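A.B. asks: The two chains are supplied separately, each in an independent frame; assemble them into the complex guided by the hints.
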Amino acid sequence: MNSKKIYLDHGATTKVNDEVLKEMIPWFSENYGNPSSIYSLGRKSKDAIENARQIVADALHSKQSEIYFTSCGTESNNWALKGICYAYKKKGNHIISTNIEHHAVLNTLKYLEKQGFEVTYVPVEKNGIVSVEKIKKAIRKDTILISVMYANNEIGTIQPIKEIGELAKEFDILFHTDAIQVAGTIDIDVSDLNVDLLSISAHKFYGPKGVGALFVRRGVRIDNLLHGGAQEKTRRAATENIANIVGLAKALQMAVKNLEKYNKHIKKLRDLAIKLIMEQIPETIINGDMNNRLPGNINFSFRYIEGEGLLLFLDMNQIFASSGSACTSGSLDPSHVLLAIGLPHEIAHGSLRLTFGWDNNEEDVYIVVNELKEIVKRLREMSPLYNK
Amino acid sequence: MYTEKVMDHFSHPRNVGELKNYNAVGEVGNAKCGDIMRIYLRIEDDIIKDVSFKTFGCGAAIATSSIATELIKNKHVDVALELTNKAVIEALDGLPPAKIHCSVLAEEAVKEAIADYKKKQGIIIETHSQCDDCCRD
Chain R
460 MNSKKIYLDH GATTKVNDEV LKEMIPWFSE NYGNPSSIYS LGRKSKDAIE NARQIVADAL
520 HSKQSEIYFT SCGTESNNWA LKGICYAYKK KGNHIISTNI EHHAVLNTLK YLEKQGFEVT
580 YVPVEKNGIV SVEKIKKAIR KDTILISVMY ANNEIGTIQP IKEIGELAKE FDILFHTDAI
640 QVAGTIDIDV SDLNVDLLSI SAHKFYGPKG VGALFVRRGV RIDNLLHGGA QEKTRRAATE
700 NIANIVGLAK ALQMAVKNLE KYNKHIKKLR DLAIKLIMEQ IPETIINGDM NNRLPGNINF
760 SFRYIEGEGL LLFLDMNQIF ASSGSACTSG SLDPSHVLLA IGLPHEIAHG SLRLTFGWDN
820 NEEDVYIVVN ELKEIVKRLR EMSPLYNK
Chain Z
4 MYTEKVMDHF SHPRNVGELK NYNAVGEVGN AKCGDIMRIY LRIEDDIIKD VSFKTFGCGA
64 AIATSSIATE LIKNKHVDVA LELTNKAVIE ALDGLPPAKI HCSVLAEEAV KEAIADYKKK
124 QGIIIETHSQ CDDCCRD
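Protein sequences appear in the order of chains R and Z.
Each number in my numbering comes from the position in the first sequence (counting from 1) with 459 added on.
Each number in my numbering comes from the position in the second sequence (counting from 1) with 3 added on.
So here's chain Z without its partners, still in its complex pose (with noise of 0.2 Å):
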């Protein structure tokens, strides 16, 4: 079902945990769905110091939480930005089709988690927090 990379972030995720002096912060999903991803950045000068993640969800969930933290890690912010879904699932030598969805909140995560930080300096961003179709009830 999984592929090992996933299975990996999985079981050994990197920089979980709420960081110290984090700077900003982004929270998508809801409980309703299954997941909620926290992105803390601690960043300095424009450039993502520090990253470290808080996922409520499932084994994908945390796996993708896990591999986009590293892939932002001691970037600038403005390439962090560009950090899309098809990145986190390439990265993770690809994702089940059901779980597609796990990729895009990282990537809205990382972005909400930004946009605090652009906020704070008067920059307005849009994001997408809502999880779109996820909740067919």
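Here chain R stands alone, though its shape is the one from the complex (with noise of 0.2 Å):
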């Protein structure tokens, strides 16, 4: 029995860095003016806010003025979505996505859809990647938004993010990405891939929960989600959370800075647990493009056994991960995702998802593979699937 607690769901959240939290603290109690306010103590916050604009528009290449701090990665989607198609309703109603969205994504569309407006989701190939023809494809004269996740959150497929940019230029449709899942991870910059509109969400890398930007580019225009002050150009009312989005800003400072060290060190990590685990367990499903994939992101299907059972073992055993399996989400249908890459109903319930972080070591990985095997090899046993 595994004691060390070992945390492999870095795709879910991460822990906040301790120079992150520091730089935060201040605005808590010391610094807490508002920002609107005219004295000092509040001009000290909206340079601070100011400030870490600039940091995160350094980081997205892009302009101080094009970035916004919302409350999350979700209200940054359903602001992107909602506000594009409210402003340019005149223009059309039709919207391009993809069939492996998150639901931040996926749930707005449907939502928009009830609204009047037409959503096309593309259906991803079997690798877990959109094809930019078939996106293409999709196109009509009434398209005024294409929105495509720039990596998926549970099997770490990286998507031609600069080619649909390309696209959505030439035909002059208004583009948007999900970056949440990758920022902090790849480098991101918004004139070269051709983006209009790039949602982040801090706490995917070492920053605070309940801190997200947008990045909306210079002359597009977008509706509001929240009505209010004049706060943040008065593009989105509600005094500003200071301690998140210095939080924000640093947290995303420091994982651009180190992006290459951590990336070769959490891909050394997957890449040894995929070649422990399809050594040392037989029928193993490895699902998604192995090429354009997050570095510290794997997903497999174990056959025959299903994914919550997975989940109470390892966590048994000290060791948190996530799985595309239908109990783990309150619904009864597995992931969205895996069946989007054709995965039969009982293979994609046995998933299992490890997103190996930088405060992961070897050891880690060598501990999960022995309680992987065991807990595999029992459940098996009691499944009326396996016949060994």
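Derived from the structure by calculation, the hints contain no laboratory data.
Just so it is clear, the structure is predicted and the values come from calculations on it, not from any experiment.
Even for Gly, the Cβ is constructed at its ideal location relative to N, Cα and C.
Hints are not guaranteed to be accurate.
With a straight-line cut-off of 30 Å between C-alpha atoms, the simulated DSSO-like cross-links for lysine-lysine are [said to hold, decoys possible]:
1. Lys569/R x Lys628/R
2. Lys550/R x Lys585/R
3. Lys8/Z x Lys463/R
4. Lys836/R x Lys121/Z
5. Lys836/R x Lys481/R
6. Lys692/R x Lys548/R
7. Lys35/Z x Lys573/R
8. Lys836/R x Lys23/Z
9. Lys836/R x Lys122/Z
10. Lys52/Z x Lys836/R
11. Lys52/Z x Lys832/R
12. Lys52/Z x Lys569/R
13. Lys692/R x Lys481/R
14. Lys593/R x Lys35/Z
15. Lys596/R x Lys573/R
16. Lys505/R x Lys522/R
Covered stretches of chain R (chain Z as the covering partner; in silico rule of three or more C-beta atoms under 8 Å from a C-beta of chain Z) [said to hold, decoys possible]:
17. 725-737
18. 768-780
Some residues of chain Z that are not near chain R, with every Cβ distance over 12 Å (derived) [as the list claims (entries may be wrong)]:
19. Glu21
20. Asp81
21. Ala90
22. Glu129
C.D. replies: Now the structure itself:
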């Protein structure tokens, strides 16, 4: 029985980096002024936010004025989609997206469909990557927006964002990408990618929960999601969450600065885990393309077993991971992403996602593989689908 | 999320595996829903002398299978036929709402296995081996 806590769910969230936390603390109790106030205590807060905005702009290679802070990645995605659709509805009412987007995008699109917008969900290929050609075919005269995630949260597949960006530019269609899994892992250049809107969330790159950002290219009109005061150049009302905004900027700055070093580290651990698991656990499938993939992500399906049992046993051994199993999501259908890449239901049910982080080490990998081997064996022995 | 009883039966399932010399078997559920339960019975003179299960499913599916085998062991088949999903839930000190269907599957698996035994004696009893509303797509 393993007793060391091993966190392998960095795709779900990450812990706040010590240095990030240190920078955040004064903005809770010491410098608590409202950034909209004109006295020095308020101006100090305002300066901190604008400084943070510059840091984020530098990290994304955008202009400072193109960065807006939000309360989370979900808000960034909601705002991008709803804000563009309502601002451009006179131009058209068609949106193109994919069938593997995060629910923050998918459920927003479903809402927009109820409001009269039409959405084409381009199905991804078996490797979990969308075909640019298929997106092109989906373009109509009334298409106002394309929204494709930069990398998938479950299977880590990186989408051809630059190519889609070129396509969108060619057809004069706005392009949004949900880069929530990517920020801090891949160097993002909004100009190079030709994106008009891009969402990020701090807690995926060792920043705090409850803060995100949206890049909105200059000249792009966007309706407000939140109406009220004049914050964020009147585009997003609400008193700014200064500590969190400072935290987001610091975390992104650190992640981008150390990007190559950390990626090398997590990729090495991830690849070791793949090697050991494929060697030691028979009838295991890797889901999603192996080349165009986030360095810390791996998603397995272990045939004949169901994912929740796997997670419960891992949890008993202090190993924290996630699954595309229906049972973990509160619905009874397995992950829409695993079904989208063509996995049959029973195999999609038996999936496990491991997402490595900066603080994992080789020992973690060996412990996890050993436990996993025993757990899979045990669950298979219980399974009526397994006849070995 | 789960009670201690559920976790106990999940992590230390009773009567798991394929029974030697079983003379009745019942299977319910389907892989699409993510749950398949198979119950093996060895029945002598209408008494369930031994019972075991194999389950593909979540923690609750394994726990409900396990407790169901305990609840019917050494019982007369007609008594075992009266096993309800409520009794399964109570014996586990409760189940989360989303997992109630697992207790229904356990009840149905027991009924299916006993129906298999009765069928061999020429008695047909009605069962509902379909999971009714869990595959809603």
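A.B. asks: A separate judgement is required for each hint: does it hold in the structure or not?
C.D. replies: Against the structure, the hints come out as follows:
Proposed proximity of Lys569/R and Lys628/R is supported: the alpha carbons are some 25 Å apart, at most 30 Å. Restraint check for Lys550/R and Lys585/R: the C-alpha separation of about 34 Å exceeds 30 Å, so the hint is violated. For the proposed pair Lys8/Z and Lys463/R, the alpha carbon gap of about 25 Å is at most 30 Å, so the pair holds. The hinted pair formed by Lys836/R and Lys121/Z fails the criterion: a straight-line CA distance of about 35 Å is larger than 30 Å.
For the hint linking Lys836/R to Lys481/R, the alpha-carbon distance of about 45 Å lies beyond 30 Å, and the restraint is violated. For the hint pairing Lys692/R with Lys548/R, the CA-to-CA distance comes to about 23 Å; that is within 30 Å, so the pair holds. The hinted pair formed by Lys35/Z and Lys573/R meets the criterion: a straight-line CA distance of about 29 Å does not exceed 30 Å. A threshold of 30 Å between alpha carbons decides the hint, and for Lys836/R with Lys23/Z the separation of about 21 Å falls inside it, so the pair holds.
As the CA atoms of Lys836/R and Lys122/Z are separated by approximately 35 Å, the hinted pair breaks the 30 Å bound. Taking the CA atoms of Lys52/Z and Lys836/R, the gap is about 28 Å. The hint holds against a cut of 30 Å. As the CA atoms of Lys52/Z and Lys832/R are separated by approximately 34 Å, the hinted pair breaks the 30 Å bound. For the given pair, Lys52/Z sits about 54 Å from Lys569/R by alpha-carbon distance, which is inconsistent with the 30 Å threshold.
Simply put, Lys692/R and Lys481/R have alpha-carbon atoms about 28 Å apart, close enough for the 30 Å limit, and the pair holds. For a cut-off of 30 Å, the pair hint linking Lys593/R to Lys35/Z stands: about 29 Å separates their Cα positions. For the given pair, Lys596/R sits about 24 Å from Lys573/R by alpha-carbon distance, which is consistent with the 30 Å threshold. Between Lys505/R and Lys522/R the CA atoms are separated by roughly 18 Å; this keeps the pair inside 30 Å, and the hint holds.
By the rule of at least three residues with a Cβ nearer than 8 Å to a Cβ of chain Z, the coverage given for the stretch 725-737 of chain R is violated, with 0 such residues. Counting residues of the stretch 768-780 of chain R whose beta carbon lies closer than 8 Å to any beta carbon of chain Z gives 4, which reaches the threshold of three, so the coverage claim holds. A cut-off of 12 Å between C-beta atoms contradicts the statement that Glu21/Z is not in contact with chain R; the least separation is 9 Å. Distance to chain R confirms Asp81/Z as a non-interface residue, since its nearest Cβ pair spans about 26 Å, more than 12 Å.
With 12 Å as the threshold on Cβ separation, the claim that Ala90/Z sits away from chain R holds: the shortest Cβ distance comes to roughly 22 Å. At roughly 23 Å, the least C-beta separation between Glu129/Z and chain R is larger than 12 Å, which holds for a residue marked as non-interface.
The structure shown violates the earlier hints numbered 2, 4, 5, 9, 11, 12, 17 and 19.
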